[in-house]
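> Taken in sequence, the protein lines are chains R and B.
Counted from 1, the first sequence has number 186 at position 186 by my numbering; the numbering is strictly sequential.
Counted from 1, the second sequence has number 136 at position 136 by my numbering; the numbering is strictly sequential.
These are computed hints drawn from the structure, not numbers from a lab.
Be a bit skeptical, because a hint or two may be false.
Chain B is faced by these chain R residues, among others (derived, beta-carbon under 8 Å) [stated by the list, open to error]:
1. L103
2. I176
3. H184
4. G201
5. W233
6. L289
7. L292
8. I311
Ideal Cβ placement from N, Cα and C applies to all residues, glycine included.
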Amino acid sequence: MQILDFERPIFELEQKIEELIDLSQKGDVDFSEEIKKLQKKVKKVRRDTFSNLSGWQKTQLARHPDRPYTLDYIRFMMSDFIELHGDRGFADGNSIVGGLAKLEGEHVVVIGHQKGRDIKEKVFRNFGMSNPEGYRKALRLMKLADKFGKPIITLLDTPGAYPGIGAEERGQAEAIARNLREMHMLSVPVIVVIIGEGGSGGALALGIGNRVLMLENAVYSVISPEGCAAILWGDGKNVEDAARALRLTSNDLLRLKVIDEIIKEPLCGAHRDSKRMASILRRVLRRNLRELKLLSPDELIRHRYEKFRMIGEFMD
Amino acid sequence: MVAWFHRVKAPLAKIKRDRVKVPNGMWMRCDRCREIIYKTEFENNARVCPKCNYHYRISAMERIGLLLDEGSFQEFDRDMVSTDPLKFRDTMKYKDRLKKSSKKTNLKDAIVCGAGTINRHRIQICVFEFKFMGGSMGSVVGEKITRGIERAIHKRVPMLIVSCSGGARMQEGIFSLMQLAKTSASLARLSAAKIPFISILTDPTTGGVTASVAMLGDIIIAEPEALICFAGPRVIEQTIKQRLPDGFQRSEFLLEHGFVDTVVHRKDMKSTISKLLDFFGNTIFEKES
Ligand SMILES: [Zn+2]
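Excised from the complex, chain B in its bound form:
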């Protein structure tokens, strides 16, 4: 399985250094195309470079802000925390890693879950937070997703999961692996109950998360150029001792090979989901809750 701090293109240190070089803070240099872009334009474009279309990573709360109707989000299980069941320690204690991530993100673990509306369609939603230990899935993430799915079944509303994760959380050992089984089990029930599940894949979606919830959507939508894979590019390169071609394991590659339904620009994501919810007949679900 892939490391939770999966190395992706666009190293952050570089971005920061270049930003400093550009005067007066109203402008920034795009890390991808190296063009100077106007910050406000960048923010208004949902943090996508207006010049090269590079989709910068955004936080779970920013994602919720982009997708859900204003003021509609109601969070659940916000205070659920890991108990460090293995008392795991590598070069640092897992407990300390959790504290550090918590401080950085103001979250208790790597996912935000709740209910809300998208153009007035009621939904349940879970969004991974990559800044919290690489969005890795341990017991808390697995349990919160499972509860989200159970709420979707109970309330009969569609389920949305936005993935952004390096995979399983090694510091929870076998428990993290078992979250793949647990979340997939509840998706089996969701499917049997004929409740739609829309899976949205963002950069990066790798390892155990791809090999469970991410790939099980009735509809699977990817943001452009996102890394989506089981084994990460570095692991494959080490195994086959070969450089991988450009664009390998990116959204467009998965589209070509038949593993995602569609690739959608971030600024069109809400309207696309809204159309899907129209199709699935959200009102039927609403009536029964």
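Okay, chain R solo, but in the shape it has when bound:
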């Protein structure tokens, strides 16, 4: 298990408590006072740490290897999942997964970026960085949903679209651009959830929805803090400054009216309790689906259009 620097004090306290409990059970010495004190302390440290995370800390959490990924959410909060593969042109596009599933008894099409957990799967998923085929497969599934009147749920979690030779040859830009346009034509409810890393155009290519929801510790940005620091500061050392300047946290994005809702994570982050996180998300999705089902197909298209039409700050 990977422990981030700012998580360390919490883990150390938790470990100490466990040791004391262990000792109490084995021996005659009563540590209950001590344990109580430490439990109080760890509670406070948890709250203090997690109520005040910086953009860079949240970026690290969003990328945490134990954080639930798309297939985890599908497993924990949906049933009868049938994965559908391929862009019907070139490849499966396995940095993105999608298929048919049931959420609380209702049929939906679910699509999301997929990262890998061990080295083998990481490579297989190309670290969640999709080639054009992933975006084309996603659009194919969305059109399937549109045709048969099923709501669409997309889960965003990618460092970005893959910058490779093949990706360029096969039209990475075209694939993303097409999704951005076509998602505006879907006549079914579309709910977008940023579950981890919302990396630029590669994330946005699944990101046009009637609702854009974001997990508390997820991030969403036009460029990674590392990329931004390298370009604007001239080196990679200023990642913290860059993360702050980019305003990529859920609180920032809610205030900027780019997202509709922040989804609370279990204390200490989704990676500490994936099942609980999934059950929170399931409830939020159910509520949003219920609200969107009141809109007609035309209203859904107009609603989505107007939502994105409004974003931007300028003076005339």
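With chain R's structure known, arrange chain B with the ligand on it following the hints.
This is chain B with the ligand only, laid out in the frame that chain R set:
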């Protein structure tokens, strides 16, 4: 996404130094082929080297001058400015970068939008200005394009966008990313209204601009040898740790791989667009406005 000051071939400093070396100012040395060329000939050839065909970058206003009928251009939203919504500051304040670019270009942001005619066909047009922060797309560029498209829908006239951009504008963070969504949304409406959209790609067209408006044309035309990509060559080289082959991500490469309709020399661009407008039956659009 790609930096707005994307490094391209033909470093400007070099051009200037070599120009000074050549006497009397009537001649210049082409940065690409190193040949001495006659300045007037170069200017008359739409700033394309007569020897090697290298298409030098031109300003938005020069582009409009080349494409539109003389005196027909009417600019819109000229005074729209960024409000620096993130109060962004890196080694320099975004506000100061805007001021600097504004002074250099005499524009308020990285795009010029308006209406005009091309061989008497009425059109709406948006042209990116690369000298303004690398033609990067922030809220102003996104809004001006969207309004241009909305005018095209309202007036029922074809839409032209000439791209020349390093991509999204980092200093506007998520707002710049969302301009991809916004402009593509209005292109969905344009398409539904069956109004033609001609996308013209010039050197360079990269990053978020390629991954939105640039690649969504009914017709996509590129100038010769323009860099057109999603990820820039340097980013790819860093990722794959390999040198890229010559001509990778250039117009001819995209033509070969099926992502542009045609590659057209700058001096033939106006007549080509004019033929397309003929085909689309511009008169029908005119009647309804
Ligand atoms: Zn030359």
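> Would the stated hint for W233(R) survive a check requiring a Cβ distance to chain B of less than 8 Å?
holds, 6 Å
> Does the interface hint hold: is G201(R) within less than 8 Å of chain B, judged Cβ to Cβ?
holds, 5 Å
> Taking the least C-beta to C-beta distance, is L292(R) closer than 8 Å to chain B?
violated, 18 Å
> Using 8 Å as the Cβ threshold, decide whether I311(R) counts as touching chain B.
holds, 4 Å
> Let me know if the C-beta of L289(R) comes in closer than 8 Å to any C-beta of chain B, holds or violated.
violated, 22 Å
> Would you settle whether the hint for H184(R) is holds or violated, based on the nearest Cβ-Cβ distance to chain B being less than 8 Å?
Holds. Min distance 4 Å.
> At a threshold of 8 Å, is the proposed contact between I176(R) and chain B supported by beta-carbon distances?
holds, 4 Å
> Less than 8 Å between beta-carbons is the criterion; does L103(R) satisfy it with respect to chain B?
It is violated, given that the least Cβ distance between L103(R) and chain B is near 25 Å, above 8 Å.
Violated hints, in rising order: 1, 6 and 7; the structure is consistent with all others.
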